[in-house]
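Student: First to last, the protein sequences are chains C and S.
Residues in the first sequence are numbered consecutively from 16, following our numbering.
Residues in the second sequence are numbered consecutively from 16, following our numbering.
Hints in this document: simulated from the structure, not taken from any laboratory.
Any given hint could turn out to be false.
Any copy will do: because identical chains look the same in the list, a pair fits if it lies in one copy or spans two.
Stated by the list, open to error - Below are the DMTMM-like pairs computed for lysine to aspartate or glutamate, each with C-alpha atoms no more than 20 Å apart in a straight line: (1) K311 / D195; (2) K143 / E106; (3) K143 / E105; (4) K143 / E314; (5) K143 / E109; (6) K23 / E114; (7) K23 / E105; (8) K23 / E140; (9) K23 / D145; (10) K143 / D333; (11) K143 / D338.
Since the structure is predicted, the reported quantities are computational estimates derived from the model, not experimental observations.
Protein chains: 2
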Amino acid sequence: MSHGAGGKASRRLVEGMFAPLLLTGEEQLNDAATVNIGGATLAFTTDSFVVRPLQFPGGSIGELAVNGTVNDLAVSGARARAMVATFVLEEGLEREVLEAEVRAMAAALARARVPLVGGDTKVVERGKADGMYITTAGIGSPIEGVRIDPRSVRPGDNVLLTGPIGDHGITILLARSELDLEADLVSDTRPVLPLVEALAAACAPGLRWMRDPTRGGVATSLNELARDCGLAVELNEEDIPMHDAVRGACELLGLDPLHIANEGQFLAVVAPEYTDMALNALLQTEGGEAACVIGKIREHPANAVLVNTRYRGTRIIDMLVGDPLPRIC
Amino acid sequence: MSHGAGGKASRRLVEGMFAPLLLTGEEQLNDAATVNIGGATLAFTTDSFVVRPLQFPGGSIGELAVNGTVNDLAVSGARARAMVATFVLEEGLEREVLEAEVRAMAAALARARVPLVGGDTKVVERGKADGMYITTAGIGSPIEGVRIDPRSVRPGDNVLLTGPIGDHGITILLARSELDLEADLVSDTRPVLPLVEALAAACAPGLRWMRDPTRGGVATSLNELARDCGLAVELNEEDIPMHDAVRGACELLGLDPLHIANEGQFLAVVAPEYTDMALNALLQTEGGEAACVIGKIREHPANAVLVNTRYRGTRIIDMLVGDPLPRIC
């Protein structure tokens, strides 16, 4: 299961088998690829969704499948322009359950203003899928002036976060009712494009890198950044926004909220002279009211993420190892 | 199961639920959508693959997943230019099985000269998938001069087919060993782009329509054509090429070979004055040696496919109803 968790084992599978055999070019392992076709520069991305349960507080698999692809494009500096979707349905799935997800996708597409232009449906026998799996792929066009490249990140740059972490992962965990916990928490699934656009308008020349910390959480995304830029990321634990319910569930279960999945937040690295403008732009945009600076890029220790704890200690936090929460998206 | 079989129930699901809720524009239900992004005209398509078994004589799921998307673009008049792929893997899948499919994809991508630029992997618990499901999406750029539109089809046009039908479907059926039949038959999975390009070079102005008759077979594709152009398609049964093993298996099982899936053939409708050039172009291209004219477009009976049988009778053949061969691709 950990090969699908988005952490270390996933990265080993991608870097050890998929990338050497399948990727031919100089592609970096970003959320979306950049391709040049017919004179146009495009972003192209895909994701499969296998979240369990299909519906959860604040969202459902159909909504997640649309927002996930819109967001992968957005944090790559692109506006989603067209999407396709496929369904693998389990024989016997109730028509109402399918229709609810089709409607959820339609609503998410309308909210993100992206047309769905094609798709495919396969049906497998009872017991050969878990209700349904949805895969989406999207094409985006570049947002003017934005160029996301971890190699452009410099010591002194600031790390911004758009809002509280862990809502999606902990909501899914609670929705499975494997634990006797209750909390007033909903998934943060939403399109982040309006926030990305606000950021781009305010500080495109100083915007170095973005990533939506889904599977593997903030810690995994920032470890990938640290590795890709060869620098250190230093976080201040007490600056990282988090709902009490997330903090409480994580303490109880021994999970690190920095490893928990998010579906409606993103991280951005911004040059110091643009940071105030960037933060103000997020704060003034709907859904960005909890944005904040959570850390800084340092020269040392190379390739690592450090956390200054609330008790004045410092710890190194690694990518997600193993899979505390399978099938989160 | 029949909702995934590519025949009548699939079409009802698409036209009754997916299309009205999800498709916003004037899209026709073709193998690939046409989108205009950043000043470029692109074709965009996606398919999920759930074939069982994963490997079969002549191919495997990984090869099929690449060729399927290359072919959907090709018969839409586009050259595949970039592809993405996702895997839904069942926990416990042997590494060797996965690696074999990744290598099969790499070989198929190289053969079709398409770069894979991104992907995603999810893992589900044991029993929640059948080894692996693969989804691919592809972007293509238009082949010069080709414009595929069923509404441009006219009475008197000829229907061409690139080679023998039913190889893929019957190979899968035999590979499942549910029947005590053996035959020297392999799947026809291959990229059809070289044949499409040869056809386009020879007769682009007279090339009205193409389709690769996968799920639902030749009969389903031609019924969709008949409906979309409001005309009749008349086939001559004895002109339709077929291996003896396919004919024999179909007779034994009461299946109509016109409903059996193909993965490396396509149908083309060509204006009468271009038909000789079109046929010669196919015959002279590697893999097109068995190409032939199998029928004609007529004015009546509207929206129907007629077959002149080898016994001088005529029958009407409908789309596939039900699902004689589940999980064929």
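Student: Quick check: which numbered hints come out false for this structure?
Tutor: 1, 4, 9 and 10
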